[in-house]
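Q: Listed below, chain by chain, are the residues.
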Amino acid sequence: MSTTVIAEIPGHERPSVERVNYLNVDHSVKSWLLTHDHKRIALLYLISITLMFFVGGFFAVLMRLNLIEPTGLVAPETYNKLFTMHGVIMVFFFLVPSIPATLGNFLVPMMIGARDLAFPRINLLSWYIYILGAAFTLYAVISGGVDTGWTFYTPYSSSFSHTSVIPTAVGVFITGFSSILTGLNFIVTIHKMRAPGLTWFRLPLFIWAMYATSVIFILGTPVIAITLFLLGLERLLHIGIFDPAIGGDPILFQHMFWFYSHPAVYIMILPGMGVMSELITAFSRKRIFGYTFVAFSSLAIAIISFLVWGHHMFVTGQSVYAGLIFSVLSFLVAIPSAIKVFNWTATLYKGSISYEAPMLYALGFIGLFTMGGLTGLFLASLATDVHLNGTYFIVAHFHYIMVGGAVMAYLGGLHFWWPKITGRLYPDAWARFAALVIFVGFNLTFFPQFVLGYLGMPRRYAVYPGEFQVLNVMSSAGASILGVGYLIPLIYFIWSFKYGPLAGPNPWGAKGLEWTTPSPPPTENFEEVPIVTEQAYNYAGTSESAHG
Amino acid sequence: MADMAAHNAHHGQHDAFQHQFEDMEQQRDAGTFGMWVFLAQEIMFFGGIFGAYIVYRVLFHDAFEIGSNLLNVRFGAINTIVLIASSLTMAMAIHSAQAGKKGKTQVMYLLLTVLLGVIFLTLKFSFEWRTDYHEHLIPGFGFVIRNAWGGAGIHVPLFFCFYFFMTGLHALHMIIGIPIILVIAVMAWRNRFDEVYYAPLEMVGLYWHFVDIVWIFLFPLLYLVGGRYLSNGGQ
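Sequence lines, in order, name chains E and H.
Numbering-wise (my numbering), the first sequence opens with residue 1 and increments by one.
Numbering-wise (my numbering), the second sequence opens with residue 1 and increments by one.
Check before you lean on any hint, since a few could be wrong.
[What the hints assert, rightly or not] Examples of chain E residues lying across from chain H (beta carbon under 8 Å, computed):
{"no.": "1", "residue": "Leu184"}
{"no.": "2", "residue": "Ile241"}
{"no.": "3", "residue": "Ile325"}
{"no.": "4", "residue": "Ser327"}
If you're looking for bench data, these hints aren't it; they were derived computationally from the structure.
Just so we're clear, the structure is a prediction, and the values are computed from it rather than from any experiment.
C-beta atoms are modelled at their ideal positions from N, C-alpha and C, and glycine is treated no differently.
Given these sequences and hints, build the entire structure.
A: Structure follows, in structure tokens:
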């Protein structure tokens, strides 16, 4: 058992040759597949979700290719499958686990000065559950795909679609439990295993974000599990739960689906916000402006996120009064989100800003997330939503938050902590270049979609009127630039893992317990339990000693 | 694992101590807290289906009343008693560990719990569900809508759909729980639990009590809300 291995690492007994760390402690395949080390599990997740990201991205490429011609290049049935599988894979198998399962798994114990998560075996189990869920979904892809849209709306999904709805739903159902177990592990670890002196208000804001995310994992994910179970039951046994023709209520499905899936978009963005607070402070050499506000805004987002699901259903015939209330509540979410953006900006003010690659992603995040957030207000207003619902405006809004926000933060975080994870530096010039390519490619892909949506082009159609072609070609051109932008980091990350220059424990001069250990860290993270005596992001102290 | 135990003995720790914790107290705290978080997740898991049930009960009141009256309240009532008794024996098992009683006492209470659980499941599947099958009350398996139900009849299968799904999900939790209790019983037989260390026993106890509480809600919601005693309906 690998626990045995852990117990046997006497780091100080091997003074010469290479220092023992979590990567080189054991090279066997078994030691990876049965590892209990949160850092190794983070890497297992990193490899898996990267694979899924490129599978999901492949479908996006095919979609954008199809939309170059107004008449389309593939059959409409094929197009339906493309956008469905792009959505399912990207949402459930990349965005939801992205930051929590990789950076979160790696960093939560390190940032709070613990040797591991509270339940290492459950952590490993969560990865196997993820793989099982991914296997079901990939089987659905191979066995002909699924065409319901990632939202699985009934009665189409339960009574009419002839595609692999059930394997896909089973895959999503199973993967949900990996999220639940990750969330459970994080909540318990953050509550019970903080180092001495590390009070709640000394925690890095990344931890607060992980905590808020975990709360949504625990309270939201079970509901989508049960909803998909009911969907599968209706499809198998033809019982009228959701199909009105046999006595059910399709709106109930939407209520139950969005009760999870709206909070789920905060599962995807909250960790990104946590990464942002780390990046902005590290590269402007300043303590975060308004620590408590940023910390509590994460929790506020988690709580309010459970009360806004009805804004997905303004035009599905829910009562006008419900619509009004959901509209007001949706506007409320803008407040904690805006608090974060304002506080990051205020942190930059008079900071000693440097423009390393992670910071470029962070600055990109601020702009793109702000655009995504503001266009969300168009959709939260009842009247404008009637015009914009079901158009490319929604597609663009969603991608500004999910790609411009979550993926930017994920890449920024990956660049920031890569030297800690691997002990190696990546080529900074290439990294900055890639960040720029991604920023340009992203905007060229999705900004035209705002215009398309406003002009009335509906989403999820394989063909469109000729007058929309210029904007669609712009979007497709942007998508190819974006694709190249994502391939560059993949190449230099793999290169740097083997050939990159050694990083040292703290290449950025950043604050936080994770930077006090060697890179890559030893299996037990800390030689002795750290004692925390100062607040988070105490950069004022460092700059004084640096000048003196 | 033997190495692990030797390692722990070397550091003056309990055999079951895990390296990521500082001490046994932190380990027990984390375990208990983790179980509560898991149960919060379970509440939402059942909450979704309970919510859907309540929506349909309001929408299709008459059909749900007919459906509820077709259930055999005797089986439900007996099972309620059986399950509460199993909670008692589970609590006794934990209590005997806390009081420092021998492993065999704990094993006896645990096996009683398993026995009561098996009785519950036997009644549920072999008697209650089998009768339902013969009366053509299982949706998807030859459900027959009876003329006597009138216009509400079309929605009666919906009630049974929820009935089988909710009680089935509950039974599934018991089916998962029983082998876990047996594993814990083996550990108790080997005298692994004492007044210092009984966390796994306590965890499985929390789980078992939770499954009981779900039934405490299911029983009235499914069997009793049909107004069976108001309208003098039922069998």
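Q: For every hint, state whether the structure bears it out.
A: The hints, checked one at a time:
no.	hint	verdict
1	Leu184	5 Å, holds
2	Ile241	6 Å, holds
3	Ile325	18 Å, violated
4	Ser327	22 Å, violated
Hint violations for this structure: numbers 3 and 4, all remaining hints satisfied.
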